[in-house]
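Asker: Each chain is listed here by its residues.
Protein chains: 2
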Amino acid sequence: MTMGGSLDQARALMMIPQSVVYLNAGSFGPLPRSVYETVAGFRHELACDPAAFLLRRVPGLLWHARTCLADHVGCDAHRLAFSTSVSAAVSMIAASLELCTPGEILLSDQEYQTMRWCWERVAARTGLRLRTFGLPSGACTEDDLLDSAVREMRATTRLVFFSHVISGTGVILPAARICEQAQARGIVSVVDGAHAIGAIPVVLRDIPCDFYVGSCHKWLLAPSGSSFLYMGRAGEARLHPQTISWGDGPDRAAESPGQDVPDIHGSTPRLRRLECEGTRDICPWLAVPDAVAFHRAIGVNRMLAYRRTLAQDARARLEALKGVEAATGSATEATNGMMGFALPRGVAAGAVQRMLWEHYRIEVSVGGLGDRGMLRVAPHAYNTATDIAVLADGLERVLHALREP
Amino acid sequence: MTMGGSLDQARALMMIPQSVVYLNAGSFGPLPRSVYETVAGFRHELACDPAAFLLRRVPGLLWHARTCLADHVGCDAHRLAFSTSVSAAVSMIAASLELCTPGEILLSDQEYQTMRWCWERVAARTGLRLRTFGLPSGACTEDDLLDSAVREMRATTRLVFFSHVISGTGVILPAARICEQAQARGIVSVVDGAHAIGAIPVVLRDIPCDFYVGSCHKWLLAPSGSSFLYMGRAGEARLHPQTISWGDGPDRAAESPGQDVPDIHGSTPRLRRLECEGTRDICPWLAVPDAVAFHRAIGVNRMLAYRRTLAQDARARLEALKGVEAATGSATEATNGMMGFALPRGVAAGAVQRMLWEHYRIEVSVGGLGDRGMLRVAPHAYNTATDIAVLADGLERVLHALREP
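Which chain is which? The protein sequence lines are A and B, in order.
Residue numbers for the first sequence follow the numbering used here, so the first one is 807 and each next one is one higher.
Residue numbers for the second sequence follow the numbering used here, so the first one is 807 and each next one is one higher.
Here chain A stands alone, though its shape is the one from the complex:
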């Protein structure tokens, strides 16, 4: 592999067009060329002779990808099912679990909007109540974050769902400690690791959760369509696939023997039941080892430290703009290296995003939170201080133009 191990070379290993300032790994990660070439090669095989690829090549590749990802996130490969997206995996968990009623589902007040909708649907279906715990808004310690969740855990709490890293602000929650407290109370815990995997070191075996779901297509820079579901504790027997296919035959009982024995498909009966959804393109999963290799060559901790310096830089520059405020009081060291900013009141988020692209070729996420636009800077190893400066200059001009049309 000709992959460089240096941050300086990271941009050259990507395929991002020269003119583009890509600061949106938090939504969609671009691919290193090495990852692209691997997944494109698999798809070439699939196009030429799909039977050969799907029936004879995939099993070995799939098990290899599974063990490689399991090693990277610190868990047993037998408990790691690939999935298409975090949304698909969380929806499957939410549809499967039979929680005691009456009772309640507890979420943080900063969960990803669609995941909140997902649990609202569970609440509507089951009669469980949905309640949120408020994360501290200012500067806070890990203990403060833990406490915000734990003090809302009650005897009637059946399930707690929270993000390992908050999608709007990058703030890291003490996932292991929250899950410990849930476990001690008999509360099922489901962790959304979309912004943790590839962004911060994650060791799943140290997190006593029931389920942990992660994206590989954001910070890990694997192809779109690669995510995973890790089954902690004993909860896996309670999951049911939403798409019925070859893994879900009459011997479907999760308690039946042999569920965790490797099969001829690159999985185990338990994993295949959840992963097999008829014929589809699972090449993104098979290219995950190349994304892991990219991270290891540079070093996950080194990338994280670097991204934090870029986030810190963004904070200093953007907070200097009139009406722009960081969305969290936490220090950069308490984040995964991304940073959200509230825009001046009355400025349309869509217009900001569009103008940053059209005039400056800056890719950045700008959404809305209440009456204020929220811009999220999501830098990666391929970004530089110049990119942050370009963003700050561009944003200043765009805000100026929008104020005085």
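Rather than coming from a laboratory, the hints here were simulated on the basis of the structure.
Certain hints may be false.
[What the hints assert, rightly or not] Chain B regions said to be covered by chain A (calculated; three or more residues, Cβ under 8 Å):
(1) 845–858
(2) 1042–1050
(3) 1077–1091
Please read all numbers here as calculations on a predicted model, not as lab measurements.
For glycine and all other residues, C-beta sits at the position ideal for the given N, C-alpha and C.
Since the structure of chain A is already known, use the hints to place chain B on it.
Answerer: Chain B in isolation, oriented as in the chain A frame:
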């Protein structure tokens, strides 16, 4: 486009390795080079700048793909949702519908195994009874096929599910007439068109079904991961996505106004609710127009007639082998141009498939039905009479070797 319009050129337009005899389009269609290049091009864009591709390029491409496929299958684009697979679409329908109990679900006795499991799960969940109607096994008319379904429709039948083309034998069922009879009795009809789309002319507006699901990755030769769900009549208001994402917000009520108005995403609110499943790779859908163009250049009816001559040829050659019998008494003209054959008793299906590949580089599906192996010849425009001869010779030798080890 440099696409030839001649059957003679079809093989040259594919990427199948020279040494391979590919007779398994019924499981997985290989890609014409034109389709491969289109989908690979989209994926290159996605790799370079995923935000640009997903946010700005996809909407126009998606609506174009939708109208192109809708035109090809004869339906209104506003009623056509893309899906990953037939399994995913049927599972979603099966999980969504609220059918009156007590009552029964009626299937043919030759449905695809996993689809039978899917409806078994519905039966187990709802208390509905699962009942099958037996398709005629010998030579029969369209009236016989219709009658086999209709005579089992009762006042307590809530839903009928059947394949437009039977996956094991290629026999075409009179889908429009069966659905008419279901409609007249107030029975919900769900049609599995996996082996119809791209194989026979299909005009969905002439089929008064509630739902019709089709694969694009088999006979249509589009990339893996491209399938669709067509919503006939009024049933669409009863569907619920299994993965909760951006299409399923608080205005989710299917009856709310504007559900069928084109949106900025290349869909409509109704379609987006079913299609949007978080971030994933929908490039296979976007390449469907190229697969349609491949078919139109040669001509769907011309390809069908040609495939039927190959199937007829296969029948003459394979039935001459000791212990091999066609799995249907129907004439080739009553099929989609594929043909199933029962192998001699006691011959292991897996060994036949493996040996045909290892010794003769023949890709063909060999499964089991009761105690007999079932070999399915699924020829396409790129196959020739020579391929059928190679299969017949190879099978003769494999059966001989297995009989006298």
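Asker: For every hint, state whether the structure bears it out.
Answerer: Results of checking the hints against the structure:
no., hint, in the structure
1, 845–858, "holds (count 11)"
2, 1042–1050, "holds (count 3)"
3, 1077–1091, "holds (count 6)"
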